[in-house]
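Protein chains: 2
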Amino acid sequence: MPLSSHRQFDIALGFAAESVERTMDRLLPSGAVGEARVFEAMRYSSLGGGKRLRAFFVLAGATLFKVGTQPALRTASAIEFVHAYSLIHDDLPAMDDDDLRRGKPTCHKQFDEATAILAGDALQALAFEVLAHEDTHGDPAVRTALVSELAKAAGARGMVGGQMLDLLAEQENSDQTIGAITHLQRLKTGALISFSCTAGAILGKASDPMRMALAGYAHDLGLAFQIVDDLLDIEGSAEELGKATGKDEAAGKATFVSILGVERARAQAGMLARQAAAHLEPFGEAADLLRQATEFVVARRT
Amino acid sequence: MPLSSHRQFDIALGFAAESVERTMDRLLPSGAVGEARVFEAMRYSSLGGGKRLRAFFVLAGATLFKVGTQPALRTASAIEFVHAYSLIHDDLPAMDDDDLRRGKPTCHKQFDEATAILAGDALQALAFEVLAHEDTHGDPAVRTALVSELAKAAGARGMVGGQMLDLLAEQENSDQTIGAITHLQRLKTGALISFSCTAGAILGKASDPMRMALAGYAHDLGLAFQIVDDLLDIEGSAEELGKATGKDEAAGKATFVSILGVERARAQAGMLARQAAAHLEPFGEAADLLRQATEFVVARRT
Chain A
1 MPLSSHRQFD IALGFAAESV ERTMDRLLPS GAVGEARVFE AMRYSSLGGG KRLRAFFVLA
61 GATLFKVGTQ PALRTASAIE FVHAYSLIHD DLPAMDDDDL RRGKPTCHKQ FDEATAILAG
121 DALQALAFEV LAHEDTHGDP AVRTALVSEL AKAAGARGMV GGQMLDLLAE QENSDQTIGA
181 ITHLQRLKTG ALISFSCTAG AILGKASDPM RMALAGYAHD LGLAFQIVDD LLDIEGSAEE
241 LGKATGKDEA AGKATFVSIL GVERARAQAG MLARQAAAHL EPFGEAADLL RQATEFVVAR
301 RT
Chain B
1 MPLSSHRQFD IALGFAAESV ERTMDRLLPS GAVGEARVFE AMRYSSLGGG KRLRAFFVLA
61 GATLFKVGTQ PALRTASAIE FVHAYSLIHD DLPAMDDDDL RRGKPTCHKQ FDEATAILAG
121 DALQALAFEV LAHEDTHGDP AVRTALVSEL AKAAGARGMV GGQMLDLLAE QENSDQTIGA
181 ITHLQRLKTG ALISFSCTAG AILGKASDPM RMALAGYAHD LGLAFQIVDD LLDIEGSAEE
241 LGKATGKDEA AGKATFVSIL GVERARAQAG MLARQAAAHL EPFGEAADLL RQATEFVVAR
301 RT
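Here the protein sequences line up with chains A and B, keeping their order.
Quick note on numbering: full-length UniProt numbering labels position 72 of the first sequence as 72, and the sequence is numbered without any gaps.
Quick note on numbering: full-length UniProt numbering labels position 59 of the second sequence as 59, and the sequence is numbered without any gaps.
Honestly, the hints are just simulated from the structure, not real lab data.
Just so you know, these numbers come straight off a predicted model, no measurement behind them.
Be a bit skeptical, because a hint or two may be false.
Result set (BS3-like, lysine-lysine): computed pairs, CA atoms no more than 30 Å apart in a straight line [to be verified]:
(1) B/K109 - A/K247
(2) B/K152 - A/K152
(3) B/K152 - A/K51
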């Protein structure tokens, strides 16, 4: 009896999470030195939690191009380090001021603000150190391509730019259009998800059309992911999500849901997920896991 | 009539500062987009100030190995971006809580804390983006070596680790030994200075002994630089330095000067500077500018 595709996907996601967790653990600094407090904060905030969806995208993309496990896991770890750093800094009092993350106190609550700032800074540096290392790929041209793409995705024209837009939108409390929110989310979360989905193609030196197909997939799926995030902020419980909910509404923040309403937002997420799956056609059955991910993203409760 | 070596050095330092400033200006993001506030903060804190001593070390080192101007200037810019990001984050209220930097309001005073955190984050990403770009060097193996070395120098076992030690030392207010302070400074400021001094050797694919000679130079000069910083914190004026002075003493912070006293600290800085110059012997006259830099570091008033 074949496993249901839903069950298959859960197993693959769990496998990706466990393997990347082990790799991250090995790559993170440790040791009984004076500065170990920052090592502990880096470990506290990057290990032991999260869906590791970005890592899954890297691993699933890498299998399409017969990329080895070690390059894929190291690249996935680098992306998870950047993701973890962005959450640490986003949670700071001067930013979103959150006390809870993945069901645990946020980094600055567990340690202190200074340590949290430094842990985020060091996680970003670690991501680039990992990508540039020869263990990530034998060809230095591939490693520079990875560094370059991650730096763009994480920088002022990517994730950080999106975070800036988000902060400004909250302060101005102005009427936002769907176009503006889409632009914001493409930067804030979309850039890193895009890199996650295309990293396998870079590692496997895939042709441009193959890489573009994955970029199209990431483009649509990233937006679906964000719409569902907005829905969960309204419908989910803090217990399920491991973080505070209802924050967007309380802050009077424009989201896909506040503009479209729950029903249209849900329909839009479903439509984007199907559109994402359509980009996978060139890969045939080999892309089944990435196909299943589109269903997971829409159906998820956390 | 030949120029005095002092005058020669001033001209070279000024030239390095101007050229790197132009390169940084070109590399920094700009444009009238919604997220431009973070671009402005990045520009505010990285342009228009500073001695650019790190950039000078890159350019002076690069001339020893006949490295082109563009690779050297791009590498120098990347290092100055990391240096600028570290100052922005160090100045934050949760860290050193400084209002003045290079004679101007610090980034979080001029903008706000959230923007300052993001500007620092984006400057770090930009540094790696610049190094990984093909314009920095035609050989991707050289570019990955640069990324790798910068990431180590900036990370938890380098600059950030040193900053963590510094914060802990302040909180504990404990008796510090010269050994502990030396270790702290080798991480906090030494790691990035070492990379600055050896970057030219990486760009020029120099032999290991040549690179090690420059590493030895950087090692001693970095420490001399820090001792003079401590002396200036006691003897300098805020007007001259463009930042608050007397902070170490007020905080009861152990420094080279608080342990050794002014006279012995000054003697130690002079000894280290001469020791640094001795490492340059293999390069002959070609290293005259780096030699003059050792005198400058000890004699500087800002």
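Which of the numbered hints are not met once you compare them with the structure shown? none
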